[in-house]
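S.K.: Listed below are the residues making up each chain.
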Amino acid sequence: MALLEVNGLEVYYGVIQALKGISFDVEQGEIIALIGANGAGKTTTLQTITGLIPAKAGTIIYEGRDITRLAGHKLVPMGIAHVPEGRRVFAQLSVLQNLKLGAYTRSDKNELEETLKVVYNRFPRLEERKNQLAGTLSGGEQQMLAMGRALMSHPKLIVMDEPSMGLSPIYVNEIFDIIQKINGDGVTVLLVEQNAKKALSIATRAYVLETGSIALSGDAGELMNNDQVKKAYLSE
Amino acid sequence: MSFLSYFINGISLGSIYAIIALGYTMVYGIAKMLNFAHGDIIMVGAFATFTVVSTNGGNPIVGILAAVLVCTVLGVTIERVAYRPLRGASPLAVLITAIGVSYLLQNVALLIFGSNSKQFTSVVNIPALKLADGQLSISGVTMVTIASCIVIMIVLTTFINKTKMGQAMLAVSEDKGAATLMGIDVNRTIAVTFAIGSALAAIAGVLLCSAYPSLTPYTGSMPGIKAFVAAVFGGIGSIPGAMIGGIILGVIENLSKAYISSQLSDAIVFSVLIIVLLVRPTGILGKTIHEKV
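These protein sequence lines are chains A and B, in that order. Just so we're aligned, residue 118 is where the first sequence starts under the numbering used here, counting upward by one. Just so we're aligned, residue 1432 is where the second sequence starts under the numbering used here, counting upward by one.
The set of hints was computed from the structure by calculation and includes no laboratory data.
One-sided excerpt, in silico: chain B residues whose CB lies under 10 Å from chain A:
id, residue
1, Lys1595
2, Ala1599
3, Leu1601
4, Ala1602
5, Asp1606
6, Gly1608
7, Ala1609
8, Thr1611
9, Leu1612
10, Gly1614
11, Ile1615
12, Val1617
13, Asn1618
14, Arg1619
By construction, the Cβ of each residue, glycine as well, lies at the ideal position given by its N, Cα and C atoms.
Please construct the entire structure, taking both the sequences and the accompanying hints into account.
M.R.: Now the structure itself:
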């Protein structure tokens, strides 16, 4: 059984259909990349999975349970964390406050301290800046905070939306390294990226979205050598 | 000595504005709406206490608790029935609804209690404090009002900074979507905010009517509007701002009444607001809005 199964998902913004019945699945332990051009429906897909946008039709099954109509805040204790596009850290709050909010649904204080240590280990920069307001961090640091905050909920599945957007090349490499390490710790990753080359280089499998439909899918390595993908997304 | 007396009474009046303004500013900060019915909750609270204490000879403490209970339930109900269905609707629709709720509350009170002004029995029975050989007298209500304001400020600040619900409120006020992704139930957080704001309005109503003991169904509107001004003055959305704004407003109002003209005092208060907003559009402690791309 797949960890996450999306079947025939349809989403509308008013009368405009953003997702035209897409289906895909994510197995335990994988890194799945969703790639595609602007407006293809990548962010919509993630936001529908995590309950921010309602689905018109189709089902989302997580650990065998239908979560299609579940309120977004109920998914966090089930083990789904979402690192949103544009990071959306709480700018007026400190780094530590942001991290604690990530663990909002957990109540065991000792376990929390443990997780905080793990997150600080993964992102030493966050520990150095724990009392600084999140809004004063650089883009790369904010991305780390958004990822650290998601890890605080101790997720089984982490959904990441454009983690490399707007970052300098050094940070991009660092962020992708970290994604691999998070996955190495046993967290399944569903990744949306414009940087298709980078995404495919770390993914297990990938799906290519084109205007609301899945155009191609397969092993990341195969897709990387696919002529169509090369031409459209890898600018070769 | 009389200046000091006017000044202290101004702080006391300002403390009432501040307590009301806290409700305005918290609801605005978290639900991003102006709850114009907030002033009328004050009136409902005062009538609840009036019913228990003045009509039935009940204990003042029971009267205050009744006001807090009635207003909390009322505030949460209004949010659930009138405002929640409009979440995501245009701000104008929400504003009009809030004005409608305000008229509804006034007219229901009119129906039950009539339009004649009621004599409110003060819930404070502390004797006045006489200082400087009796030249300066501070009434019991004044002292209790200022003390309540300080206690409320401390409790509220501690609640927001130290509790999970308080942190959730900060998160919701900044970004509802991101708060949802943390597992925060945004609707519940907003409901709790209305509950707190309405409970504070109840306390403000009881204090207001203890100091100015005539109670009508319209008692809440003017203090409500002034508290709204105080919230904007201090920087809407900011809790210390509401506090400072309320107290400054009360002091300006009382000093203008004493030294300039009691008829012009409201005009002076609102002129000061206009000047402050011209110089600092976000209010004294308001956050400058950063648009990040």
